[in-house]
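For the protein sequence lines, the chains are A and B, in the order given. Be aware that the first sequence starts at 1177, since it is given in the working numbering, and climbs by one per residue. Be aware that the second sequence starts at 1158, since it is given in the working numbering, and climbs by one per residue.
Treat each hint with caution, since some may be false.
Using C-beta positions, here's what the derived DEER-type ranges look like [stated by the list, open to error]:
(1) A:Ser1343 x B:Glu1249: 27 to 35 Å
(2) B:Gly1299 x A:Gly1345: 35 to 43 Å
(3) B:Pro1586 x A:Arg1314: 36 to 44 Å
(4) A:Leu1243 x B:Thr1335: 37 to 45 Å
(5) A:Arg1314 x B:Asp1252: 30 to 38 Å
Covered stretches of chain A (in silico footprint by chain B; criterion: 3 or more residues with CB under 8 Å from a CB of chain B, positions within the stretch not fixed) [to be verified]:
(6) 1186–1200
(7) 1310–1320
It should be emphasised that the hints constitute simulated quantities derived from the structure, not laboratory data. Being a predicted model, the structure only gives us computed values, none of them experimental. Positions of the beta carbon are idealized from the N, C-alpha and C atoms, including for glycine.
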Amino acid sequence: MSGLLIAFAIVVLIPLFVATWRTSLLGLALQGALIAWLSLRDESTVTLDVALIAVDVIGLRTVAAPLLLYQVMRRRNAPPRNDVIAPNLFSWAIALGLVVVAFRAADVLVPIEGDDQMLVAVAAASFVLGLFVLAASRATFSQIIGVLRIENAIALFELGAPGEHGSAGLYAAMSGVLLVSVLFFRWYLVHVTSEGDDEPATESAVL
Amino acid sequence: MNLVYLSFAPLLLAPGIGSRAARPVAPLVLLAASAAQAAAALAVAFTVTTGTSLAGGYLTTDATARLFLVVINLVFLGIAGYVWNRARTTPELADQVSRFARLSLVFMGAANFVILSNHLLAGWIALEITTLAATPLVVRTGVPSSRHAAWRYLLFSSVGLAIAFVGLVCLGRSMATTGAPPTFFLDELRSAPTDAPNMWRRLGLALVVLGYGTKLGLAPMYSWLPETYDEAPPSTTALLAAVQFNCTLVCLLRVLQVYRAGDRDLVATELLAIGLVSMAVSTVSIIATNNYKRLIAYASINHAGVIAIGLAIGKSASYGVVLYVVSNAFIKAILFLTAGKIKAHYGTKDTREVSGLISDLPYSGLFLMVGTFALLGFPPFGSFLGELIILSGLVRADQILVFVIFCSLVSLSFVATGRTVFPMIWGAPKKKVHWPRQSFLSVTPKLAFLVALVAMGIYMPAPINALFRAVAASLGAG
Chain A
1177 MSGLLIAFAI VVLIPLFVAT WRTSLLGLAL QGALIAWLSL RDESTVTLDV
1227 ALIAVDVIGL RTVAAPLLLY QVMRRRNAPP RNDVIAPNLF SWAIALGLVV
1277 VAFRAADVLV PIEGDDQMLV AVAAASFVLG LFVLAASRAT FSQIIGVLRI
1327 ENAIALFELG APGEHGSAGL YAAMSGVLLV SVLFFRWYLV HVTSEGDDEP
1377 ATESAVL
Chain B
1158 MNLVYLSFAP LLLAPGIGSR AARPVAPLVL LAASAAQAAA ALAVAFTVTT
1208 GTSLAGGYLT TDATARLFLV VINLVFLGIA GYVWNRARTT PELADQVSRF
1258 ARLSLVFMGA ANFVILSNHL LAGWIALEIT TLAATPLVVR TGVPSSRHAA
1308 WRYLLFSSVG LAIAFVGLVC LGRSMATTGA PPTFFLDELR SAPTDAPNMW
1358 RRLGLALVVL GYGTKLGLAP MYSWLPETYD EAPPSTTALL AAVQFNCTLV
1408 CLLRVLQVYR AGDRDLVATE LLAIGLVSMA VSTVSIIATN NYKRLIAYAS
1458 INHAGVIAIG LAIGKSASYG VVLYVVSNAF IKAILFLTAG KIKAHYGTKD
1508 TREVSGLISD LPYSGLFLMV GTFALLGFPP FGSFLGELII LSGLVRADQI
1558 LVFVIFCSLV SLSFVATGRT VFPMIWGAPK KKVHWPRQSF LSVTPKLAFL
1608 VALVAMGIYM PAPINALFRA VAASLGAG
């Protein structure tokens, strides 16, 4: 498990330094694939719960979400470069500092060394880096990447956590909410642009 | 069939109302559906006396659910009345009304589920659905800045709810570490033995407060709120400020009711801190703004701060918190709907451009005046009594420094609000505008809210008071 978690941490970190939108989307897809691997590797039979997890992490997080955003960026002929955090030493130092803080926090929360401690550390690092991306970027695309990074961190944390994950119905509802959110993100990626700010308001009556 | 299930009927009506054929009757269907829901909510509130568990344990009708079910459905009835009247007097709004009817019915179905939910995760999902249903409603066709506001609303809501969700998972882990079977059902959590709070519980509660606090417009992540409330159409703003605010608050109350039962001091410092910071930033913003919709939005942040402080104190302040929360739902509905009327009349949101409302738009002037008095915590409104009880709770809890800061900030926002709003009401009219008479029917919803506000400050019928007391008791009132 530790190897997969280290791979997840690498996939979370690299798109921060390789600043292209394609890398960001590939990073999201790989995060989804690794969550799928982590959560489904011990499942020998296909139950409804397993099927729903597969649909969520493979269908939605690995394929659909990155693909839907890719289509928009491709159609817009977006320039390859896209910095999700400012490209300077200060930002990179903050990002690495957040990773260290997340690992220290995991030491406190899970005192016994092992897979669980590693899972908490990687999920926490991924979560705070998602928040950092959100705080550091003004572009709609980067903000969407930040939110989806956070969603993936939560999925990693939740699927690795012991205990009740809720019924199949709850799980399906959560996946549905994520799907609708991604569709909204796509809509906003198309419609909320800096050029749009210059459009004059043409509204007449307001409800 | 149990009347509770009627709360989800809007979800069934929503697809039908969106069709082109149904467009002319959309306002009427919305009004009828909201009236039926409000009637069902009242029946549930005053016929069910115990916390019945329904739908396989996923729904409950405890005091919190019953009280807030009535509040949000009455507010929605008022909003539906406003929309119906706007559709009647402004035919060019037909498309907007149809869209509002469809999405607000989805919103209300999910909102009712949030209130009735007996499961922390199920409630969280329903709250997400209210957000997704409300996001398109923030967008005004042909106004790019409203798209930005909707995007910020969606972004902050997504992040806030994500943080709250991590908090819930941490709370699940806190149970696992003590050996108890993890559950998110409220009744099972209430009956579980209380154990000493561990790191996971402390972290989980702090994240839940931060996450739901973001949805409530509490500092530090409040910046979406003024922009969204300002840009959204008044009907949507009222829906967000008076209905979704209470749904989010119920989600927070549920967590606090369960996890603070054994230790009332848990997250008290966090709640006090974000409460005071929210009051401070909103007061500065109230002083600086010249936009009356934003002013009411900043006042909402201020009120969220007061509620957070009341929750931090708990005990004797709890009754005041409940009173304050319910009063605020009606105050915000009155003020935002009135602001919509004023904007439609003057075509501006600049306070300096509006003057002499009381003679120009008598009903709107009157509601802005009374709503502002209630907003500022004047007697005889419920907000006055609620604020007074919270203040006395601060003194009893020996939080004298917080008391002093609280009073100073309230006084400052009082002066700033009065300085801005009162000239709008009583100043000399700047221009004579011909305006069709406002019918009494159009002001009926706001009048009903006003009656409820005054009743909460003067005399509360015993069954309603019992409901308030039961909710306060669940928050730690003696």
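Structure-based check of all given hints:
1. A:Ser1343 x B:Glu1249: 27 to 35 Å: At roughly 47 Å between Cβ atoms, Glu1249 (chain B) and Ser1343 (chain A) fall outside 27 to 35 Å, so the hint is violated.
2. B:Gly1299 x A:Gly1345: 35 to 43 Å: Distance hint for Gly1299 (chain B), Gly1345 (chain A) holds at roughly 40 Å.
3. B:Pro1586 x A:Arg1314: 36 to 44 Å: Given about 43 Å between the Cβ atoms, the range holds.
4. A:Leu1243 x B:Thr1335: 37 to 45 Å: 43 Å, holds
5. A:Arg1314 x B:Asp1252: 30 to 38 Å: 32 Å, holds
6. 1186–1200: It is violated, with 0 qualifying residues against the three required.
7. 1310–1320: holds (count 3)
In the structure shown, a violation is registered for the earlier hints numbered 1 and 6, in ascending order.
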